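There are 2 protein chains.
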Amino acid sequence: MADDGGLMAPAARPANLLRLLPSLPILEWGRRYDRDTLVSDLVAAIIVTMMLIPQSLAYALLAGLPPEIGLYASVAPLLLYAVFGTSRVLAVGPVAVVSLMTAAAIGEHAVAGSPQYWAVAITLAFLSGVMLLIMGVLRLGFLANFLSHPVISGFISASGLLIAASQLKTLMGVKAEGHNVIDLAQALISQLPNIHVLTLVVAQALISQLPNIHVLTLVVGVLATAFLFWVRKGLKPLLIRVGLNARLADVLAKAGPVAAIAVTALLAWILDWKGQGLRLVGSVPQGLPPLTLPVWDLALWQSLAMPALLISVVGFVESVSVGQTLAAKRRQRIEPNQELVALGASNLSAAFTGGFPVTGGFARSVVNFDAGAQTPAAGVYTALGITLASLFLTPALYFLPQATLSATIIVAVLSLVDLGMLKRTWAYSRTDFLAALATLLMTLVQGVEVGLVVGVAVSLVLFLYRTSRPHIAEVGQVPGTEHFRNVLRHHVATSPRLVSLRVDESLYFANARALEDRINDLVAERPALKHVVLQCSAINDIDASALESLEAIDHRLRDAGLRLHLSEVKGPVMDRLQATEFVARLSGKIYLSHYQAIAQLSPEILTSSTAQRQVNQGGA
Amino acid sequence: MADDGGLMAPAARPANLLRLLPSLPILEWGRRYDRDTLVSDLVAAIIVTMMLIPQSLAYALLAGLPPEIGLYASVAPLLLYAVFGTSRVLAVGPVAVVSLMTAAAIGEHAVAGSPQYWAVAITLAFLSGVMLLIMGVLRLGFLANFLSHPVISGFISASGLLIAASQLKTLMGVKAEGHNVIDLAQALISQLPNIHVLTLVVAQALISQLPNIHVLTLVVGVLATAFLFWVRKGLKPLLIRVGLNARLADVLAKAGPVAAIAVTALLAWILDWKGQGLRLVGSVPQGLPPLTLPVWDLALWQSLAMPALLISVVGFVESVSVGQTLAAKRRQRIEPNQELVALGASNLSAAFTGGFPVTGGFARSVVNFDAGAQTPAAGVYTALGITLASLFLTPALYFLPQATLSATIIVAVLSLVDLGMLKRTWAYSRTDFLAALATLLMTLVQGVEVGLVVGVAVSLVLFLYRTSRPHIAEVGQVPGTEHFRNVLRHHVATSPRLVSLRVDESLYFANARALEDRINDLVAERPALKHVVLQCSAINDIDASALESLEAIDHRLRDAGLRLHLSEVKGPVMDRLQATEFVARLSGKIYLSHYQAIAQLSPEILTSSTAQRQVNQGGA
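Quick mapping for you: the protein sequence lines, in order, are chains C and A.
In terms of the numbering used here, the first sequence opens at residue 1 and continues consecutively.
In terms of the numbering used here, the second sequence opens at residue 1 and continues consecutively.
Here chain C stands alone, though its shape is the one from the complex (with noise of 0.2 Å):
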């Protein structure tokens, strides 16, 4: 700041204004930018165009849109990401798990191509702009954990396969209708322990609609997605051999589909594969995005508002995770809850300028980050090269065969696909396997929405199984010593007439009855029993369910005779307890050390010579 202070003196007065809008990044690295920079966005930005047109035009197909509307959603998300974001690198648009989500939720409301479709994709972009704005103001961002780790991958998998299976028909130039999901989803059931089940669901799907394919299309399709494929494993490699440095072998590998899109376009324009009925993706309207309004109909809303919140909650994760990735590479940081404001003021520009949803987009970002962006300027650049592109090479496209889009989107989304997630998973831990492939199996039968759903409540209701048992300890004195530790592990003296028990975790309402359940099993067990000691060191909280529980606890040991005490409450916990009359009431006292009521309650287990301990060996 040292060096510019001559400067900020006349400056003052909007700096204080601006510190109202402290949260706003393009403040803090707009005031720094120089000459080195712009350089260096700049050249990020050229990159970025180059492998963002095809992409935008092949998800905006898979979105079920025409493909200039996947320009559109091209270039004011970047604008508005660049002024609100928190990364420095992440390249905003549409990507292929959120378009399928589209297509899924507007195929309910309109048919594939009308303006109605288009209006409903519109609609949904301002209605999951505003659900991210909402939950960016009101920090909800940690409703994202809802969405746990193997729920996401299950999904992202099965929504590579839904994806890549959608584009088959396409890329072997098939009418018949149908996407055969069920089929397809049938064969990945019986094939799951294969791990070349791809290959034989594509050959099948392939053998099956062998006597409508269009050969021509075909040999296209599949030699253009050979050569991507190819591009991605094998031209790298060769570059580097070659001589060039590996971050520039890398862009260039990037760069694959814009070659396989010119040279597939120049063939079909040259050899007529138009005329022997090739699709090609035809005239493409030129010009600027269209400032277009959503569709103010509540019904309309209410039926989108769960896929909306979904798209939301998805492209949100996929985006912050991107990010975060990123961003600690150079050791910054992103903001969720402003990422959650970044990523509603795209959706929002989206839908006022004729696109469709979009978040941040993995590949892209990284290749952004990669060929050297510093700044979220080098997004506007890209917006600048894709304004651009709609403007001058839509004509261009006349003659790119759709079955080269359809090439591109297999390529990017079978990377995605990762059915040996589920093998590490079921290795480290069966509840999260079931998990994710309870996700997986429903949102490749039942589609994305039900699939996610689906997802979350497993998880949910797995999580709670698991908690609903919590660590429960039976504690005895180590001999000779103030320490107390579990029976079933150490030798230690205990009294027939207290029992000592450490819950090893916070009291909530999902373990509340399992505390309840064990003291009750414990008390008809053990008729001698006079006492009982929860030694609280371990529990961080107690909510509503859980004092309720501690309440029914000590009424029904009172009515059967007995005592409870707790010893060694956190000072948090202790003075929310006492705002209630559950201390008052407490049939026992509350002691400072477990010693204490050891010594207090049951001095015999202290003072008892070695034969008289009731020692507990080995075991569990």
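If you are wondering where the hints come from, they were derived from the structure by calculation, not from laboratory data.
Note that the structure is a prediction, hence the values are computed from the model and not measured.
C-beta: ideal position from N, C-alpha, C; glycine also.
To be clear about the criterion: a stretch of chain C counts as covered by chain A if any three or more of its residues have a C-beta under 8 Å from a C-beta of chain A, and this derived list gives those stretches:
| # | segment |
| --- | --- |
| 1 | 140 to 146 |
| 2 | 318 to 330 |
| 3 | 519 to 525 |
| 4 | 541 to 548 |
| 5 | 552 to 563 |
As a list, the in silico SDA-like pairs of lysine to any residue whose alpha-carbon atoms are at most 25 Å apart:
| # | chain 1 | residue 1 | chain 2 | residue 2 |
| --- | --- | --- | --- | --- |
| 6 | A | K570 | C | L501 |
| 7 | C | K329 | A | R518 |
| 8 | C | K169 | C | A112 |
Based on the hints, put chain A in the right spot on chain C.
Frame of chain C; chain A shown alone:
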């Protein structure tokens, strides 16, 4: 066992067989049944029967069914519960809240009073029975944990208000339609701070209905209500003052409804109230419960699935909490999963004998307990009593005024309403208060099903919010010791090169991202940082989501030139981590003790003089 050894010998073979059914409680108490127990059980059964007759008639009307259905629902379920139930004293039958939920569920499918309505009620009992059985066999009792205490109290209070409001019409002899639920809710909301809200609501409802009131009905209804309230509050002290012992006085006071019914029925007969327009119960078919079958209609089953599930869970929660409380008083115990089986069997039997959904009732179980019931055989005798009543007593019910039954219901359910709960919960926990309030209001305004579902959703969201911010303490060395403590609370030694974090909770999907955020922030803030050490002494579990978060953290730290270390990982957690690639790939090491980690990574902390130490103070 020693004293009946002679008798046991010939029974050895069947006893072996019975071992196959170890969970059938009847086999345990049935074998030791003697004369004393018989007498105790019979006395209790007579008293419970007297209480159950008016209740079952009233709750059938509340569910929208003819009164005799209430008697039908009080026979077979009691028998089945006696065989399968683990509580010695639980009295199963129609209860208020479940009857209200039944009315709400059936109301969407049939007109009250029609044969279809009864058929749907039977189907609902069937589905609820099947669900309870399945939950019991799969040991899903933990699902009831989804209903936190605040949600249950909000729901029960709102149900009480709804039921009372629904009975005002009958009490006043009004012909007008509708429960006026919205008005009631609005009045409630506007009057929440006022503790006498109930009086006002009732008064307002009375006034608005003034022109339609049937005066004689109103007089009978109000007098019956007043009498029953007096019986509840004033009769017992009076009887004790007169010289009765407390238990008998209590039992007599509980029999008040029978007196109200007998007296008003007698007056109706003598004074020909029917001729004056007062509505009577009318002719009730005489005879045993009929054999019935549920409707086999998959579409109906589907739409009844959600209500049946909610009825099952609410019934189970009510039943188990009563059962546990009463069992604990005699140092007995109940087995929640076996209770699911027992309630499932009870509901199935209700479905096949013309009944409707049932569960364990609070008031009648307490009466059963107080009257000295020793075994579930008391339930069998009660079932016999109800059978006799439905065979011979039904003609006497002809003259029973409906207003008396409404008075019975109102007095019973208003004791469930506990708006003071809101105040107490507010004082203890704001989040729990929100859950209770949301459940209460949504139940009043949108009905029982929406209320319950919203309540569960709100409490889950709030729970996730709480746990999404685990307690993560930065710790430093207590100088001269091997102990590490929170830097905000103690004078401890730290280093700018290394940060030690202690996570005070298990890591799982809801809080894993918070750890990512915290570490990202630390790395961005402290440029000199080289090592992050997680002290894992309080981590009992790491789920797959948290494992992926740890991998992401490690990956990002490595990219930024830092290393991640763990210390004091618990045995079971370490065993699971060893099976993953995380340990092999970890940028840092895993240390047995945190002290060892610091000694190796940043020994200057341990050896530094006071001058070099970065000592933190006080705060938070």
